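Visitor: Read off the chains here:
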Amino acid sequence: MAQTKQVLPLRCLYAESASTDPYFNLGLEKYLFDRVAPGERIFYLWQNRRTVVCGRNQNVFRECSLAGLEAVGGHAARRLSGGGAVFHDLGNLNFSFLSGAEDSDTARQLSVLLRAVAAFGVPAELTGRNDVTAAGRKFSGSAFYRADGVSCHHGTVMIDVDGALLEQVLNVSREKLESKGVDSVRARVVNLSALCPAITPASMKAALRAAFLAEYGGLDFAGTLTADPEGRLRFAGGPWADAAAPEAARAALAENRARFADPAWIFGRRFDFTNVLSRRFPWGGVALKFRVEEGAVTGAEIESDSLLPEFITALEQALPGRPYRWEALAAAVAETAARCGGQAAGPAEDLTALLRDSI
Amino acid sequence: MNLPAELKYTKAHTWLKIEGTTAKIGITEYAAEQLGDIVFVDLPETDSALTAGETFTEIESSKTAVEVPAPVSGTVTAVNEALDDEPESINDDAYAAWIVEVELDGEAEGLLDAAAYAALCQ
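These protein sequence lines map, in sequence, to chains A and B. Under my numbering, the residues of the first sequence are numbered 1 to 359, in order. Under my numbering, the residues of the second sequence are numbered 1001 to 1122, in order.
No more than 16 Å apart at the CA atoms, straight line, and that leaves these computed lysine to aspartate or glutamate pairs for EDC-like:
| # | chain 1 | residue 1 | chain 2 | residue 2 |
| --- | --- | --- | --- | --- |
| 1 | A | K180 | B | E1086 |
| 2 | A | K180 | B | D1085 |
| 3 | B | K1063 | A | D131 |
| 4 | A | K180 | B | D1084 |
| 5 | A | K180 | B | E1088 |
| 6 | A | K138 | A | D160 |
| 7 | B | K1011 | A | D148 |
It should be emphasised that the hints constitute simulated quantities derived from the structure, not laboratory data. Just so we're clear, the structure is a prediction, and the values are computed from it rather than from any experiment.
Build the full structure now, drawing on both the sequences and the hints.
Guide: Here is the structure:
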């Protein structure tokens, strides 16, 4: 962590992804992170289709409504950096600064954002902890990750994000879910396009590129790397070690993508937690108490004043061992109801709705 | 800089308190100051293996998330579960807030004494 004096300017490299697959894009960021060499600084721009991205140490079940996300074709993902959950769609642009840890300067890196929006005549400022605001509202937040002397500073730029959808998938009440992990902080946000209609994801991308070069010097990037919509890489100029070995790059990216898409990484981190889902139905009140370890139900207790005690008891026994995902638990409900005869069919439907709405 | 003389240190800013064949491991006060307010410590599991140089814990602070490489190889015999509820105790007293206790695999190598570590942080 000692400071070293940088005498020569760093070699500036640029990467961008035309894929909107969140797992691919996070995997490409990790690919770049693992390869950034001393003396290099990589600037990477990327966009995800509808995705809630949780911080590394967050409980995904507490941060978003998975069924709500699924209903709009969204994805849940977990990043390597800390901090809180964010919602991405194609109205959001993500940036990453990758360099040696001693070459990372958060304020200077964020000044690239300030320059880029200033080019559109929008005054912005750094506030709080690494938030960038305009008109008193936040349009960019940052998160950080460090390993092996390399730093990743990445963040969001809200340009034309679907605010109603953001509220719908992130704004969930989880007061009965008890878990360790990091909480999200809510902020008043603003879309840049509302402040200046000329700001679009495409125009902002160009402005950020130009602002990066203006801040860090250099006529142009020493090398660029682009991923096409299908995730194929194209290397131009620069020191890209995999330029001559596209097979190796493809394999590394496939491995990274698999890592970020792995349900065990997204849902199954060792956050043991308990949750209580309760609702009153015409046929009785129910409280489903779950204990969840590494993403699977290890204990279930059901409190109910209903007149179907056999169904409730059988269900209690059918739930443990299942993944803590509403589909898997709804399957247990359906199987149990089928064994208990016709009278359980209605309650089974209601319980399925409860699971879908609450997990 | 507060560096207890009875501890060993590494250039990755971890400390070890070695007693016979076991060692308690934490991060140094210098590292805690650099990280700022610690909000989460990802503890390994008891009985899991530690490999020198490979990540054994990951610490999230208000500034960043870092992976911490294990200073030695061994088997985890205990984890400091108090850190689940009070990760900030590392900021309060980095040398009291141990993270894991390990049964060492053979001799620990390449460790620094307080003076050598202090020189590294200059």
